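Okay, so the sequence shown: first residue is 1 according to our numbering, each after it adds one.
Hints were generated in silico from the structure; no laboratory data involved.
Among the clues, some could well be false.
Computed Cβ-Cβ distance ranges for the label pairs, DEER-style [claimed, not checked]:
| no. | residue 1 | residue 2 | range |
| --- | --- | --- | --- |
| 1 | R417 | S243 | 22 to 30 Å |
| 2 | G349 | R515 | 44 to 52 Å |
| 3 | G600 | G492 | 43 to 51 Å |
| 4 | E286 | G137 | 23 to 31 Å |
Dumping the calculated DSSO-like pairs for lysine-lysine here, alpha-carbon to alpha-carbon at most 30 Å [unchecked claim]:
| no. | residue 1 | residue 2 |
| --- | --- | --- |
| 5 | K254 | K47 |
| 6 | K47 | K533 |
| 7 | K514 | K47 |
| 8 | K533 | K297 |
| 9 | K581 | K609 |
| 10 | K47 | K260 |
All values reported here derive from a predicted model rather than from experimental measurement.
All residues carry an ideal CB built from backbone N, CA and C; glycine is no exception.
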Amino acid sequence: MTRVTSPKKCVSVALVGNPNTGKSTLFSALVGVYQRVGNYPGVTVEKRTGRFEFQNHTFEIIDLPGLYSLSPRSRDELVAVNVLLGREPGVEPLDVILCVVDASNLERNLYLLSQLLELGLPMVVALTMVDVAERQGIQIDVEELSRRLGVPVVRVQAHRGIGVGRVRQVLREVIEKEGSAAPRSPLPREVQSEIDRIFGDLERRGLLTQIFEPAREASRSTDSDRNPAILRFWLERLLLDASGFLRQNVLDGKYPDVLKLFVESQERLERAGFAVPEDETHFRYEWVRQLLEGVVKASEQPRITLTDRLDAVLTHRVWGLMIFAAIMLLMFQAVFRLAEPFNQVIDFGVQSCAALIRTQLQPGAFRDLLVDGVISGVGAVLTFIPQIAILFIFIAILEDCGYVARAAVLVDRFMSRIGLSGKSFIPMLSGFACAVPGIMATRTIDNERDRLTTILVTPLLTCSARLPVYALLIAVFIPDYRYLGGFVGLQGLVLASLYVLGVVTAVTVALLLKRTIFRGRSPTFVIELPSYKWPSPRTVILRVWERLVVFLRNAGTIIAAISVLVWAALYYPHDPASIDKHLLNRQGELQALVETLPPGSPQREAWEKELDQIAREIAAAYQRNSILGRVGRTIEPIFRPLGWDWRIGTAVLASFPAREVVVATLGVMFNLGDISSADLTSSQELHGRLRSATREGSDRPVFNIPVALSLMVFYALCAQCAATLAVIRRETNSWRWPAFTFAYMTTLAYIGALATYQLASRILTGGA
Numbered sequence: 001m002t003r004v005t006s007p008k009k010c011v012s013v014a015l016v017g018n019p020n021t022g023k024s025t026l027f028s029a030l031v032g033v034y035q036r037v038g039n040y041p042g043v044t045v046e047k048r049t050g051r052f053e054f055q056n057h058t059f060e061i062i063d064l065p066g067l068y069s070l071s072p073r074s075r076d077e078l079v080a081v082n083v084l085l086g087r088e089p090g091v092e093p094l095d096v097i098l099c100v101v102d103a104s105n106l107e108r109n110l111y112l113l114s115q116l117l118e119l120g121l122p123m124v125v126a127l128t129m130v131d132v133a134e135r136q137g138i139q140i141d142v143e144e145l146s147r148r149l150g151v152p153v154v155r156v157q158a159h160r161g162i163g164v165g166r167v168r169q170v171l172r173e174v175i176e177k178e179g180s181a182a183p184r185s186p187l188p189r190e191v192q193s194e195i196d197r198i199f200g201d202l203e204r205r206g207l208l209t210q211i212f213e214p215a216r217e218a219s220r221s222t223d224s225d226r227n228p229a230i231l232r233f234w235l236e237r238l239l240l241d242a243s244g245f246l247r248q249n250v251l252d253g254k255y256p257d258v259l260k261l262f263v264e265s266q267e268r269l270e271r272a273g274f275a276v277p278e279d280e281t282h283f284r285y286e287w288v289r290q291l292l293e294g295v296v297k298a299s300e301q302p303r304i305t306l307t308d309r310l311d312a313v314l315t316h317r318v319w320g321l322m323i324f325a326a327i328m329l330l331m332f333q334a335v336f337r338l339a340e341p342f343n344q345v346i347d348f349g350v351q352s353c354a355a356l357i358r359t360q361l362q363p364g365a366f367r368d369l370l371v372d373g374v375i376s377g378v379g380a381v382l383t384f385i386p387q388i389a390i391l392f393i394f395i396a397i398l399e400d401c402g403y404v405a406r407a408a409v410l411v412d413r414f415m416s417r418i419g420l421s422g423k424s425f426i427p428m429l430s431g432f433a434c435a436v437p438g439i440m441a442t443r444t445i446d447n448e449r450d451r452l453t454t455i456l457v458t459p460l461l462t463c464s465a466r467l468p469v470y471a472l473l474i475a476v477f478i479p480d481y482r483y484l485g486g487f488v489g490l491q492g493l494v495l496a497s498l499y500v501l502g503v504v505t506a507v508t509v510a511l512l513l514k515r516t517i518f519r520g521r522s523p524t525f526v527i528e529l530p531s532y533k534w535p536s537p538r539t540v541i542l543r544v545w546e547r548l549v550v551f552l553r554n555a556g557t558i559i560a561a562i563s564v565l566v567w568a569a570l571y572y573p574h575d576p577a578s579i580d581k582h583l584l585n586r587q588g589e590l591q592a593l594v595e596t597l598p599p600g601s602p603q604r605e606a607w608e609k610e611l612d613q614i615a616r617e618i619a620a621a622y623q624r625n626s627i628l629g630r631v632g633r634t635i636e637p638i639f640r641p642l643g644w645d646w647r648i649g650t651a652v653l654a655s656f657p658a659r660e661v662v663v664a665t666l667g668v669m670f671n672l673g674d675i676s677s678a679d680l681t682s683s684q685e686l687h688g689r690l691r692s693a694t695r696e697g698s699d700r701p702v703f704n705i706p707v708a709l710s711l712m713v714f715y716a717l718c719a720q721c722a723a724t725l726a727v728i729r730r731e732t733n734s735w736r737w738p739a740f741t742f743a744y745m746t747t748l749a750y751i752g753a754l755a756t757y758q759l760a761s762r763i764l765t766g767g768a
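Whenever a hint applies, use it, and build me the whole structure from the sequences.
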């Protein structure tokens with residue numbers, strides 16, 4: 001007998017719940033690596049989806065942003081509501097809702113559940129933090145809770161894999177069960193009557209579908225095609241929308257007569273004694289309390305838990321700040337130090353690949369494109385990977401164990417003085433290692449104005465990519481004076497001053513942005529402090545992997561492309577007519593002579609050294625006459641007030657995709673050939689060439705202390721990082737903000753470098 005199986009069905013499941021309930025951990029446990037991350041069309045809200053197959057069904061899980069109710073007040077909450085109510089473009093109508101509920105805080109979590117039940121969709125409740133609730137002396141009758149709710153309730157400890165298989169099984173049972181629970185609402189009859197009145201009016205006019213249909217395409221459906229419960233719930237949310245946020249985004253000023261209906265209904269409710277939105281909160285929590293009566297039993301004496309003991313220390317005004325500073329110092333040092341060996345391996349691999357191509361291909365444009373354009377661009381992308389991975393390992397561990405919320409509380413007092421909140425601190429602190437993961441970490445900030453402000457000022461903080469520039473210029477031009485018995489050095493003070501400059505500028509710009517472009521009252525900082533728990537290694541690894549894939553797919557491709565463009569600008573027109581014929585003739589003569597001598601002979605080594613020097617001079621001449629070199633000489637008058645000549649200006653222009661490129665570019669400009677940045681910063685040959693370099697047609701030195709200080713201040717403030725701009729583009733879903741960042745930071749950098757050079761020249765040299 002042949003068994004006939006039904007074709008696979010793709011089931012759309014929305015994963016929804018309050019923040020800090022273990023929702024993301026359950027998502028990772030269900031779908032594993034089979035997940036995708038992007039942005040919802042037209043908004044900056046992250047879209048996480050994943051798939052898993054179970055018993056002849058494919059389940060598509062949509063991980064919605066955490067929210068406390070379906071009364072949206074921000075863009076991410078609006079997206080979650082749109083998905084749940086079938087109005088989000090590009091998202092198919094839902095088949096099932098998987099609601100994650102924290103067992104240790106049932107009353108608050110069930111407020112959202114009371115709204116979800118009104119949608120009339122099949123639902124499964126995943127009860128998390130049961131172990132935390134039991135340690136607090138809370139006992140829950142799960143079977144009775146499931147019976148009263150009318151939906152399956154499954155106990156889950158996703159970080160240990162407990163209950164995950166049962167969730168899959170129950171999801172399959174729910175979608176195979178015909179029909180769904182009748183929608184229920186705890187709101188009074190007066191509210192229901194007003195909803196009936198508006199529903200009937202709009203249905204007669206054929207406006208229900210027209211208003212609430214997704215914007216993805218023109219609808220050809222009718223009102224009867226939509227789920228009546230969802231349509232009624234839309235009307236309920238618009239009716240009880242006290243802030244006007246939802247009405248503004250749904251009606252969008254297109255239906256003034258419909259808006260009038262809601263205003264009139266709300267006025268009638270208020271005359272009847274129903275206050276919006278206070279009474280909705282009262283009725284829903286009263287429903288929750290009745291639901292939990294006899295279901296939840298708590299010990300009469302509250303237990304002092306491990307979380308309470310840890311919080312007494314970790315949130316203390318003195319000890320908490322000291323511990324927080326130690327953790328942040330450890331994280332920063334780890335990102336900076338632990339990434340070094342990985343970067344060395346990456347650099348070795350890139351250099352080896354470049355050397356292999358040089359030996360296999362004949363000299364020419366194609367070989368130079370592969371070596372200096374493609375491989376160099378890919379290498380620039382890969383060098384960010386260790387920093388991003390290490391930083392997000394720390395952030396993922398701190399988030400998963402519950403510490404990040406405490407850190408935000410500790411620094412909120414200071415952050416509020418510049419118009420931000422504690423949630424902006426971790427991303428800004430991450431910017432000291434690398435602005436790319438710092439900007440990506442702003443996704444934890446709920447307030448959109450605060451998030452954009454944090455994104456725009458994070459690049460001002462001194463990242464590790466600036467250190468090669470500082471290390472070179474400080475070592476060469478800043479005297480090694482010692483103070484306080486040698487404990488404090490001038491070089492260290494200059495480096496510390498550059499860090500302070502970045503911090504002070506970032507704080508100042510944040511204040512200006514919050515009082516101009518992003519003007520508005522600083523949001524009240526309210527955050528839930530979840531119970532501490534051991535982080536899940538699986539969750540941490542998946543989150544880090546997810547961030548790396550996003551970076552490589554988006555920012556990485558842009559960095560590599562820009563690197564190729566810069567190579568082309570430094571290479572072409574590559575006209576041999578621009579090279580001194582004597583050099584070319586001497587190169588040909590030496591090449592012929594070298595081939596006549598055996599390897600290792602002293603004369604051959606001397607000629608090879610001369611050949612290498614000639615090759616450097618030819619490369620510098622080609623760069624001088626390249627597109628970028630010509631641009632540098634053309635705009636030299638712009639750089640002259642900063643104390644720069646055209647070579648410094650060209651090196652700065654070439655380093656806009658990645659600021660650390662300036663060290664290697666200076667090596668080429670001053671005839672040192674292709675040497676890695678790490679070697680150049682300690683190269684005595686380069687140090688000597690920079691000190692002895694003179695301006696064309698003059699014996700005046702190219703570099704001195706005022707020029708070095710000017711260049712360092714410029715790099716401290718300028719947005720010379722394609723990766724940063726690319727990530728800002730991705731996180732804001734617009735080119736407007738990366739363009740704004742580039743413009744304001746470049747302007748600040750120029751003004752700062754100008755003031756530094758002019759002031760230092762007058763103090764140290766008596767004028768330029």
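>> Tell me the numbers of any earlier hints that the structure contravenes, in ascending order.
In response: 10
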